[in-house]
Amino acid sequence: MKILHSEEIQLLRNLAKEFADKEIRPLAVQIDREENIPEKLIKKLGEVGLLGTAFPEKYGGGGFGEVGFCVAQEEVTKACGSTAALIGAHQSIGANAIYIGGSEELKMKYLPLLTSGEKIAAFALTEAEAGSDAFNLQTKAEYKNGKWILNGEKIWITNGAIADVFSVFARTDKGITGFVVERNFPGVNIGPDEKKLGIRGSRTNAVYFDNVEIPEENMIGENGRGFITAMKTLDSGRIGIGACSVGGAKEILQLSVNYATQRKQFGKPISSFQAIQFMLAEMSTKIYAMESMLYRVAEKYDEGKDISEEAAMVKLFCSEGVSEVADKALQIHGGMGFSRELPIERFYRDARILRIFEGTSEIQKLIISRKTLKNKGVWKY
Amino acid sequence: MKIAVCVSHVPDTATKVIIGSDGKSIDPSGVTYVVNPYDEFAIEEALKTKEQLGGEVVVISLGTDANKESIRKALAMGADSGVLLKDENQRDSFGVAKALAEEIKNQGAEIVFFGKQSVDYDNSITGQLTAELLGYNCVTVVVDLKIDGNKVIAEREIEGGREVVETSLPVVITAQKGLNEPRYASLKGIMAAKRKTIEEKEAAPAENYVEILRMKKPAPKQPGKILGSDASAVPELIRLLREEAKVI
Ligand SMILES: Cc1cc2nc3c(=O)[nH]c(=O)nc-3n(C[C@H](O)[C@H](O)[C@H](O)COP(=O)(O)OP(=O)(O)OC[C@H]3O[C@@H](n4cnc5c(N)ncnc54)[C@H](O)[C@@H]3O)c2cc1C
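So the protein lines, in turn, are chains A and B. The numbering of the first sequence is our numbering, which starts it at 1 and goes up by one. The numbering of the second sequence is our numbering, which starts it at 1 and goes up by one.
In isolation and in its complexed conformation, chain A is listed as follows (with noise of 0.2 Å):
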């Protein structure tokens, strides 16, 4: 925890805390029922950096790493979560496939315009045969005359309709391949904006692709390696998904005891009984949890170590964390934790989608029992 700690991080918390305060958190609500992100707000992000937190300095990055960008994401969350999630297809996955499987030539390519939001990224791996089972996708890639030629369909892609620049995995000769393509590459479709539970502000969408020509040099990393990239991506994201969760277990806890310790019932205010100090007390616990396990991982991925189940177990605990916290916090609100006036039902709804993506709970105890078990239950952390 020594690096969360340290004055360059705690000055980031406060650079992205005040952009969150300003720019974001006046929007949430537009956001969430206009079921968009205004761009002004997305060049603003840009501009201060958030959209490269991660990234070295070489390719425009903020050179902060996975702690940075997870300390940022607390803070965004804690604003808006369509907004955290715009950036975490962004910066987490999208730009991360090109960063930790691409060749140095791609990267300095793409990173930078990236980095600034000058372009905005996705990930798009998942097909309608490919959800949880992301290795039976069906996409194709054949090599033409010096160029790939790109045929299938993406479903759920989140920027879908925003991004310039698409990470996509397809199926070649040699095993499954990644691809940078980009938005006006001829035979690249966007398709309608999914309606959604949560995260509304951020677009959903499927990404068609009709003999789409690919400079080879587009290719991220090797023939037949793409696989492997996205699920090393994957473990950054899942990282990232932590962070989302913890930052709006942060909030929402805030906000209850806020309206517990105003709200009277029987001559007194409701945090003076058991019952809600108990819920409180349960949160706040659930959080430490959390936010230790999140920030141990993530020191241990800027290190350079391999963290996947790791990975897979912050994203199931502070995932289905989050999804408790916002229960409980709703319970606290009564009736008005029900009603559209005040912002718990948000996070309520915006939290759902955090044990669904990028590998839906389930998954994630695939991953770790498959480990549990190769370790014969010896703890090696």
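Source of the hints: derived by calculation from the structure; they are not laboratory data. Glycine residues also receive a C-beta, built at the ideal position from the N, C-alpha and C atoms. Check before you lean on any hint, since a few could be wrong.
[Said to hold, decoys possible] FRET-style restraints, in silico, Cβ to Cβ:
no.	chain 1	residue 1	chain 2	residue 2	range
1	A	N184	B	K146	42 to 52 Å
2	B	S168	A	K58	38 to 48 Å
3	A	L366	B	R195	26 to 36 Å
4	B	V31	A	N375	43 to 53 Å
5	B	R195	A	S369	41 to 51 Å
6	A	S292	B	T64	26 to 36 Å
7	B	T64	A	N184	28 to 38 Å
8	B	V164	A	T285	55 to 65 Å
We have chain A already, so just place chain B with the ligand on it with the hints.
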């Protein structure tokens, strides 16, 4: 051109202040400290002045190691270097001005920015005292500033209106809200600030002329009253505003 900006490190206005056990100081535990809000306008104006005239911006703060956080923030916004004048003891405004003036002289800064007041003790005087000690011109509560060669034209807020004044360098300007829109420290700025130095030195000694005897909490706010929800409540409202609150 050397431009100095003096910043104080103050309790966040959102934190609940608790009076320490000695009865005359603030208990710092649990209080978050921030750059004095008016100093943010001062920092922004210093940076804009540098962008316009060239030169460099030095941030000066008097206090303890904790003040480095505020200095770093100014560096992350774009200031070039920082100086921490160390003193563990509480000083009055004159003591602060004395140390700052000494350092400004040291730096050879000819344009100096302050916030119009520090939101901790609210004395609204450090900028003026510093100007006097330096023999610089001084314009306070500034909402618009133009520097052209040696000439300084400043608009200052006065009761019910604005006053435009002209003076010349060297000058101390104290910033009022509205002077500008402070920029965010960008992520790149934070990393760049890591590579900038904060020089630490002992603050020049000074006598205190003012001693704090006691701190008191203001009386708790009275709960609100609801007189009714339609026009029939208006006469009673007017009576209370006139006789009880004595505001109309
Ligand atoms: C809002 C949103 C945004 C998204 N953004 C992106 C994106 O940007 N990029 C992208 O590529 N994808 C994205 N996705 C897709 C997301 O990752 C998938 O929805 C998710 O992985 C689950 O796949 P599925 O929906 O096909 O569910 P299914 O795989 O059909 O799962 C249905 C249920 O079966 C369970 N299940 C499946 N297999 C097993 C098993 N072996 N053992 C036990 N239980 C199992 C699941 O846990 C789940 O409960 C997004 C989805 C949503 C809803």
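Taking the Cβ atom of T64(B) and the Cβ atom of N184(A), is their distance within the range 28 to 38 Å? Since the Cβ atoms of T64(B) and N184(A) sit about 56 Å apart, the hinted range of 28 to 38 Å is violated.
Lying within 55 to 65 Å: is that true of the beta-carbon distance V164(B) to T285(A)? holds, 60 Å
Distance restraint hint 38 to 48 Å, applied to the beta-carbon atoms of S168(B) and K58(A): holds, 46 Å
Distance restraint hint 43 to 53 Å, applied to the beta-carbon atoms of V31(B) and N375(A): holds, 46 Å
How does the Cβ-Cβ distance of R195(B) and S369(A) compare with 41 to 51 Å: does it lie in that range? holds, 46 Å
Is it true that the C-beta distance of S292(A) to T64(B) lies inside 26 to 36 Å, as the hint says? Hint holds: Cβ distance 30 Å, inside 26 to 36 Å.
Is it true that L366(A) and R195(B) lie within 26 to 36 Å of each other by Cβ? violated, 45 Å
At the C-beta level, are N184(A) and K146(B) separated by a distance inside 42 to 52 Å? Once the Cβ atoms are compared, 46 Å apart, the range 42 to 52 Å for K146(B) and N184(A) holds.
Against the hints set out earlier in the document, violations occur for numbers 3 and 7.
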